[in-house]
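Sequences are here, hints too, so could you generate the full structure?
Chains as they are written, first to last, in numbering that gives the first Met the number 0: chain Z, 0 to 375; chain A, 0 to 181.
These are calculated hints, taken from the structure and not from any lab test.
Each hint should be verified, as a subset may be incorrect.
Said to hold, decoys possible - Each computed DSSO-like pair below joins lysine-lysine, with the alpha-carbon atoms no more than 27 Å apart:
id, chain 1, residue 1, chain 2, residue 2
1, A, Lys16, Z, Lys343
2, A, Lys142, A, Lys154
3, Z, Lys343, A, Lys12
Please read these numbers as outputs of a predicted model, since none were measured by experiment.
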Amino acid sequence: MFEQSIILSAIRDAIDWVLGLVGQDISILPLPVQVVLCGLIAAGGLMGAIAFAVLIYVWMERRIAGRMQARRGPNRVGPYGLLQTVADTFKLLRKEDIIPTGANRILFAFAPMLVLAGVVAAFAAIPISWDADKGEPIMIADIDLGIFLITAIVATEVIGVIMAGWASNNKWSLYGAMREAAQVVSYEIPLGLSLLVPVLIVGDLSLGAATEDQLGGNWLIWRNPFMWAVFFIFYVAGLANCKRAPFDLPEAESELVAGFHTEYSGLRFSFFFMEEYASMTLISAIGAIYFFGAGDLFGLQGSSSLIMFGVLLFKILVSIFVMMWIRWTLPRLRIDQVMTLGYKVLTPIAFFLLLGVTVWDLYDLNDKLWELFSRS
Amino acid sequence: MVETFKDFGFAVKTAIKGMGITLKTFFEKPVTLQYPEERPEVDSRYRGIHFLEQEKCISCKVCALACPVDCIHIESELPEKGLYDWDRFDIDYGLCMFCELCCFPCPTNCIHMGKEFDFSRFSRMDLVRNMLTWEGVSPAQKKEVDGIAAEKAAKKAAAAEAKKKAAQDEPKDTQDEKKDGE
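Dropping the structure here:
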């Protein structure tokens, strides 16, 4: 268990050091307790990191929205308005926790947690950096089926959303939930197909292997001429999957009040909010790792894992900026246009690209074309 | 099929165009004014809070007469021509409708519409604004006015004394005359 994960073994070493202060050893704990304890600490750290990131993202979103509309955005609370989201969070925490009459209380309370848990759990299989000494990716769980686990676990979010919509006892919530289910399930097809292409090239389902494969500027996006189109499909499908504009039909405020989270307030609402930004980060991280070389900066980053983490973070932030840029530019699609785009445009193109990449790699066209050009 | 892909291409093209516009705006300076700190430059003919040139004012009260809502209240004494003892020049901005009719009839052109525009207060009484830059007598003319007042007082005192003296000099005569009159 601990051999597979640099982060978990680091946490175990830390616990060992703390126990050493009272003259004990980690071996006094049975292995299952060690695993659960380290896992809980890692999960807590992940959750804290995501909550902190959401604070920054909301600030970014509002500043970027402001500048794109020739406004300033929040700039009164703290330097550059940085503490605005902190103040908003305190406001949100103080709000009354309303559960509507006629709501199914158990499902209503459980839905936000399920939605958030699905996305946060997927981060366990994301490599945040690369350890050059050990030759291993730094991640919580280096699972062989990494990307498969991520797509599977993110899909559970739909269940949570339908639970939220159904339990709210509100027709707008239910409409929103059904739209979300239709949209997310539809877009998982082009998303999965476009993720299949890098998996095909790397030859491994683990994201750690993808990180290793791209070290030294050998990014997947340069590998063959289809990759930019594949990335485009992935990005559009990813946007639809995390319900960002222009695919924010499930929470279309002009039609459905706020979609499936209409009846939610306070902390429960903030869970849905965090889920949106967490899944944005997840899509951006997968995009950065599978197409743009993870923490690699053409080999310039050296062997420092901290710089690699910074580079990956920078790539994620650029991707999130583009998502915000899209949100504040493009109008929302109609629900039938969303379905048309998913089934009639993105899915066929994704199939075609998958086929193209397969043929390209099968006949080794990269090398053959290179020979052709170098000979002439 | 061809139509679908044409539509898709058109959508991508227009989306990129729109995103170019927002990116351009993103790098431009925001147009927002940081209001309480920054103030907009108002038009030269803007009708804001009045602005009174008190040294030119002759307290003729024509503006108060011209005012359709009677929001200008002027009280002053005129010790002598050209010298004024100001008590009050108030404009009630709870009533004022910024019609500028007070400014046209002014013979010395001393009341103008100013450029100040934020005059919100917590009570209606605070909306009555004192337009005077000084109360009483103008500091420049104070000496002159004091001189005139002193002169007047001296004259009055002298007159009173003279009267007194006259009364002392011929008290019987007058009494007699009065008695005769009766």
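### Query
Does the alpha-carbon distance linking lysine 16 of chain A and lysine 343 of chain Z stay inside the 27 Å limit?
holds, 24 Å
### Query
Does lysine 343 of chain Z pair with lysine 12 of chain A here, judged by a C-alpha cut-off of 27 Å?
holds, 19 Å
### Query
Taken at face value, is the distance from the CA of lysine 154 of chain A to the CA of lysine 142 of chain A at most 27 Å?
holds, 18 Å
Comparing the model with each numbered hint stated earlier shows that all of them hold.
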